[in-house]
Amino acid sequence: MSAIEAGQTPEYKHTAVPSLPWGRWGLRTAALTYLTLMLIIPLAVIFQDGLREGLSGLWEQVTAPIAWSALMLSLWTSAVMTVINTVMGALTAYVLVRYEFPGKSLLNSIIDVPLAIPTLVTGVMLVVLFGPQQALGAWLKEEFDFSIIFAPPGIILALLFITFPFVVRAVQPVLIDMDQTQEEAATTLGARGWSIFRRITLPPLVLPLASGALLSFARAIGEFGAIVIVAGNIPLYSQTAAVYVLGEVESENRLGASAVSIVMVAIAFSLILLVGWLQRRRRKDNQ
Amino acid sequence: MNSSTARAVSKPISRGSVWIKRGLIAVVVIYVGGLILAPIAALVAGAFEQGLGASLKALNQPDVLSAFWRTIQICLIVVAVHTVFGTIVAWIMVRDRFPGRELINGLIDMPFAISPVVVGYMLLLLFGRNGLLAPILTAMDIRVAFAFPGMVLATLFVTLPFMVRELIPMLEAFGIQQEQAAATMGASSWQIFWRVTLPALRWGLIYGVTLTFARALGEFGAVLVIGGGVQGRTETATLYIYRALDERQYVGAYSAAIVLGLLSLVLVIGTDLIRRREASRS
Chain A
6 MSAIEAGQTP EYKHTAVPSL PWGRWGLRTA ALTYLTLMLI IPLAVIFQDG
56 LREGLSGLWE QVTAPIAWSA LMLSLWTSAV MTVINTVMGA LTAYVLVRYE
106 FPGKSLLNSI IDVPLAIPTL VTGVMLVVLF GPQQALGAWL KEEFDFSIIF
156 APPGIILALL FITFPFVVRA VQPVLIDMDQ TQEEAATTLG ARGWSIFRRI
206 TLPPLVLPLA SGALLSFARA IGEFGAIVIV AGNIPLYSQT AAVYVLGEVE
256 SENRLGASAV SIVMVAIAFS LILLVGWLQR RRRKDNQ
Chain B
139 MNSSTARAVS KPISRGSVWI KRGLIAVVVI YVGGLILAPI AALVAGAFEQ
189 GLGASLKALN QPDVLSAFWR TIQICLIVVA VHTVFGTIVA WIMVRDRFPG
239 RELINGLIDM PFAISPVVVG YMLLLLFGRN GLLAPILTAM DIRVAFAFPG
289 MVLATLFVTL PFMVRELIPM LEAFGIQQEQ AAATMGASSW QIFWRVTLPA
339 LRWGLIYGVT LTFARALGEF GAVLVIGGGV QGRTETATLY IYRALDERQY
389 VGAYSAAIVL GLLSLVLVIG TDLIRRREAS RS
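Going down the list, the sequences are from chains A and B. The opening residue of the first sequence carries number 6 in the numbering used here; numbering runs sequentially from there. The opening residue of the second sequence carries number 139 in the numbering used here; numbering runs sequentially from there.
In case anyone wonders, no lab produced these hints; they're calculated from the structure. Check the hints yourself; a few may be wrong.
Said to hold, decoys possible - In silico lysine to aspartate or glutamate, DMTMM-like type, Cα no more than 25 angstroms apart, as pairs:
(1) K289(A) <-> E310(B)
(2) K159(B) <-> D182(A)
(3) K146(A) <-> E310(B)
(4) K159(B) <-> E148(A)
(5) K289(A) <-> D234(B)
(6) K159(B) <-> D290(A)
(7) K159(B) <-> D184(A)
As the list claims (entries may be wrong) - Ranges between beta-carbon positions, derived for each pair:
(8) A311(B) <-> P107(A): 32 to 38 angstroms
(9) V92(A) <-> W328(B): 37 to 43 angstroms
(10) L60(A) <-> G238(B): 24 to 30 angstroms
(11) R239(B) <-> L60(A): 28 to 34 angstroms
(12) R203(A) <-> V404(B): 38 to 44 angstroms
(13) L207(A) <-> E240(B): 16 to 22 angstroms
(14) T68(A) <-> W328(B): 56 to 62 angstroms
(15) R160(B) <-> F151(A): 26 to 32 angstroms
(16) R239(B) <-> A69(A): 35 to 41 angstroms
(17) T68(A) <-> E240(B): 45 to 51 angstroms
A virtual CB, placed ideally from N, CA and C, is assigned to each residue, including glycine.
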């Protein structure tokens, strides 16, 4: 799982650390060359390409109606998913840590299943279950005139599936380490369940919840495999930013593809930095 | 994932909370069942609608088998590269101090959040027909875009964080005392690396390999953009599923999806179970 866990490291005295063969400089060079070739050059190229006509050219491409609506769709479906995922993820973690019930360890294993399933396969699954030609999908359409597949609700559902582990796994270890004596003391003093939760259980969970939520949001903005299957990709209605970029690449509108890509990369990068900052702050709080 | 921390013992706080407890458990079980298990069950049912024979027949086609074989080849190369360089990067991040370290720490997680379509497109801008490196590539007669090397590069990008992020906490927890002890007793740096550091990182490496492999198995958007998904030439397992859906060959698409899902599921969950058992034994 790629939870972002680096950061705080004890400061070792360099002279005392037995170095790997080839020496420190060899390793530094190898690592930095690898990261430059794999990450920095491809990222730089997209900025170089998208800013060919300056910031105003980029802005023009991004605010073109179809591109803009695709970006907005990605943002609002991800936001709705994040709200649901944060509430349900926190609840799932709470139930898994605090309660004993049959099937608990099975449930705990199922949490990680979305990490293992290719997102394209997730999309296929949702179409098989909710597709307009399937029993459940047809019934929902008939009775409530409600479409999940080939519509925005399918996008939200796919995102919920894919990002489910992020919030649960961010909150779970904090709940496990939490001292329950405070809650017990509050009960003894006559506090009610809800007020105990709000005043004692919730505060230490705010930072891990925030980083789990932001992580799932960051992951969702760029999701492609599941969405391309589920959404129907109708411009101005169910076409997300990633699917829009694919279309522009295929129709060789490089400027449009690069502009929307830059916006997506910028969003992703700021969110990743924000999550890193939150996690460092949490470590400081703990010390 | 924190297997070392002790489980908090649950104590029912009051009698009235028994119903709250039951209600919350029910909500979570229904949510997980509906969101995760129901779609899986639907896919399994859909694939075997026409019997196991039809599924096997749909998969036992030369182009399907070659697509799966291409996926496995990409996975193996990607895992090998990331095992070597992931270890080096993790080591640098934990043991070394250099300017720009925080920035690199953030960059490592970028592939996690960048859209796979954008990844494929970046590589196209570099290696494509009108790409930046096109003059050099044509002069040397190397094809990267719409060919195997491009698909390997795309998968390398997408899977970059997994190995590093598994190894960094392991290296941090391991510390340096044992290495120092070995050095004091006169071990060479190679000996220390092979006999002390590497065995200590064993589970991080194994888990990193399985996560990388599983993520590479399922990569779709990036290899679609850089590879083009040409049947029999640049088609991977996921690209086959996409084409089969498009051509309404549902049995083939669903069966391939099950095989792919099952493969990565067994890898990831299996390793996690073994690791947990190992952790509880020690």
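For each hint, the structure was consulted:
no.	hint	result
1	K289(A) <-> E310(B)	holds, 17 angstroms
2	K159(B) <-> D182(A)	holds, 20 angstroms
3	K146(A) <-> E310(B)	violated, 54 angstroms
4	K159(B) <-> E148(A)	violated, 34 angstroms
5	K289(A) <-> D234(B)	holds, 21 angstroms
6	K159(B) <-> D290(A)	violated, 31 angstroms
7	K159(B) <-> D184(A)	holds, 19 angstroms
8	A311(B) <-> P107(A): 32 to 38 angstroms	holds, 34 angstroms
9	V92(A) <-> W328(B): 37 to 43 angstroms	violated, 52 angstroms
10	L60(A) <-> G238(B): 24 to 30 angstroms	holds, 26 angstroms
11	R239(B) <-> L60(A): 28 to 34 angstroms	holds, 30 angstroms
12	R203(A) <-> V404(B): 38 to 44 angstroms	holds, 42 angstroms
13	L207(A) <-> E240(B): 16 to 22 angstroms	violated, 30 angstroms
14	T68(A) <-> W328(B): 56 to 62 angstroms	holds, 58 angstroms
15	R160(B) <-> F151(A): 26 to 32 angstroms	holds, 30 angstroms
16	R239(B) <-> A69(A): 35 to 41 angstroms	holds, 39 angstroms
17	T68(A) <-> E240(B): 45 to 51 angstroms	violated, 33 angstroms
Of the numbered hints given earlier, the model fails hints 3, 4, 6, 9, 13, 17; all others are met.
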